[in-house]
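Undergrad: The hints should help you fit chain U onto chain C, whose structure is shown.
Protein chains in written order, with my numbering: chain C, 1 to 391; chain U, 1001 to 1250.
In short, the hints are calculated from the structure, not lab data.
All figures in this text were calculated on a predicted structure; none of them were measured in a lab.
Hints should not be assumed to be uniformly reliable.
Said to hold, decoys possible - Here are the in silico distance ranges between beta carbons for each label pair:
(1) U:LEU1239 x C:ASP28: 35 to 45 Å
(2) U:VAL1212 x C:ASP28: 49 to 59 Å
(3) U:GLU1179 x C:ILE34: 48 to 58 Å
(4) U:ARG1016 x C:LYS46: 39 to 49 Å
All residues carry an ideal CB built from backbone N, CA and C; glycine is no exception.
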Amino acid sequence: MATDFFNIDSALSEEERAVRDSVRRFVDESVMPIIGDAYVQGKFPKQLIPRMAELGLLGANLPEEYGCAGLNNVAYGLIMQELERGDSGIRSFASVQGALVMYPIYAFGSEEQKRHWLPKMASGEIIGCFGLTEPDYGSNPSGMITMAREQKDGSWVINGAKMWITNGSQAKVAVVWAKTNGDADQRSIRGFIVPTDAKGFTAKDQKGKLSLRASDTSELVLDDVHVPGDAILPKSGGLKSPLMCLTQARYGISWGALGAAIGCYEEALSYAKTRVMFGRPIGGFQLQQARLADMLTEIVKGQLVSLHLGRLKDAGTFTPQQVSLAKRNNVNMATNIAREARRMLGGNGILAEYASMRHMANLESVYTYEGTHDIHTLILGQAVTGLNAFE
Amino acid sequence: MKIAVCIKRVPVMDVRFRIAADGKSVDETGLKYDVNDFDLWAVEAALQLKEKTGDGEVVVFSLGPDAVQEQIRKALSMGADRGVQLKADRAPADPLSIAKALAAELKASQWDVVFFGKVAIDSADQSVGPMVAELLGLPCVSAISSLDIANGRGTAKRELESASEIVEFPLPVVLTVDEGLNKERLPNLKGIMAAKKKPLEVKPAQLDAGTVNVVAMELPAERAAGRIIGEGAAAVPELVRLLQTEAKVL
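Just chain C, with the same shape it has in the complex (with noise of 0.2 Å):
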């Protein structure tokens, strides 16, 4: 039985419940099974794709008409914290497809290229990567150096170098955002939907990766990589456009910290009922009920607090510092939640056999990524005193 002390099931339509049982089914009978591995090798399961595209899974907040399941924000927030109960990796892929590709491209595409890439990535025909981040520019992206020139026939040149890219080396296609024309302000910046074959395009992974294991994590390099002038992305203007994507992308981050969550309180929960030390299950000791009524309530609250958020952007008032609030709130918890259920496992928690210590490294990504927990307290700080504390 899945964590739901205060019967949050009640607040959600049936619709939602179903989509959540059938994602947590999945979850259970095709991730389990093989994500440890996948970590220990450090490899992301390909092999899930087809299945994942086949529920529904990559885009399902975007509209039926572009062959996307057209779930309200709540719905799709579950698939995220199902997802990420069983992986950071997983749920990261299926993140960067549904709201860092086919977001952007439904959100400042035209029709034509709504028409041409998205029912080939709901089908997972085609998987996307999203190119923000530079290797000097991570929290600062309006510093980027990635410049795309137009040329004389409406074509463009795109030179630059992008790092820590999430599907990377799989994707067939790249949303890069580039400054334009020698322009360094921010607001030439526009997105570009790059074909990963282009001449001059290279995907590299990232070695050495000891969180995000079962994630592609690449780096990409952009060396006079030349696109016609249908590739740009005519709505996207300013800096502004890859923040609303990172926005979409951290909303469904703060339901899949909460799936992390519960993946450790269960493990540490079940752990505590059936391990036997000084004669007695552990769970009967005072210390580890505490730790396990400390979990509890976290993630009770992040729940609330993200299913609030998700009936916030279904009614279309959300703001970005809510959202804010949210990445930050339940990122930090469920770090703190997969250290203790680590720590409540004993020995037995460093092994792979166990979630809690995959999920404990894989967070610290997700604290790190999407605006980092600074980033997103600085935000917060902003918007109750009016006052920038960034620069």
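TA: Structure of chain U alone, referenced to chain C:
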């Protein structure tokens, strides 16, 4: 091919059940519900049959309060075409009452196959399917674990104690589905969205008073704690003695 599937809403079993204050029903607080497992396999069998024959309709029936619509819609999200709720405040304890209400509804149309799950996992009832067959004057094959239907006839396998039995039958027929016939499909998200738009008709169930009533419900007695007789080979004679004289299993 016209196919009916009758399904039951049952509590998800991985909870600790409590008896309600009336002493004769289950306390429903905190329970989660799903389609009875065997009925999911019945739905899957119906969908596979429709897919194999390439045309036809799968209609799902469930008797109970409005809450059963959630289970009907799950079957619709798997791919069934429409649903019918036979509305009643609660499903009665008497399987014959349920069978009569279902038969009264099913009689209104011609069905090639009427599917049931072999057993309801909550009440352990297995009689509704065969009773409906009797009331409709149709042959019934219960607890099937394989199925082949072609040209108006069918063959099914039934698992017996230490053998299996192959049964041939003409259509129309009532079949109850055992474990092992198939594994039900997961509803995909498009299916879940499409299910909202599929027809779900609500009709009053024609229930009679019934003759079977639950008068009391009690939890099984707590199992007594085990006893450690000793360790190693030295303990064997005493163990054998107790198994003979006390447990009387040897």
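Undergrad: All hints are to be evaluated individually against the structure, with a verdict given for each.
TA: Outcome of the hint check:
no.	hint	verdict
1	U:LEU1239 x C:ASP28: 35 to 45 Å	40 Å, holds
2	U:VAL1212 x C:ASP28: 49 to 59 Å	38 Å, violated
3	U:GLU1179 x C:ILE34: 48 to 58 Å	25 Å, violated
4	U:ARG1016 x C:LYS46: 39 to 49 Å	41 Å, holds
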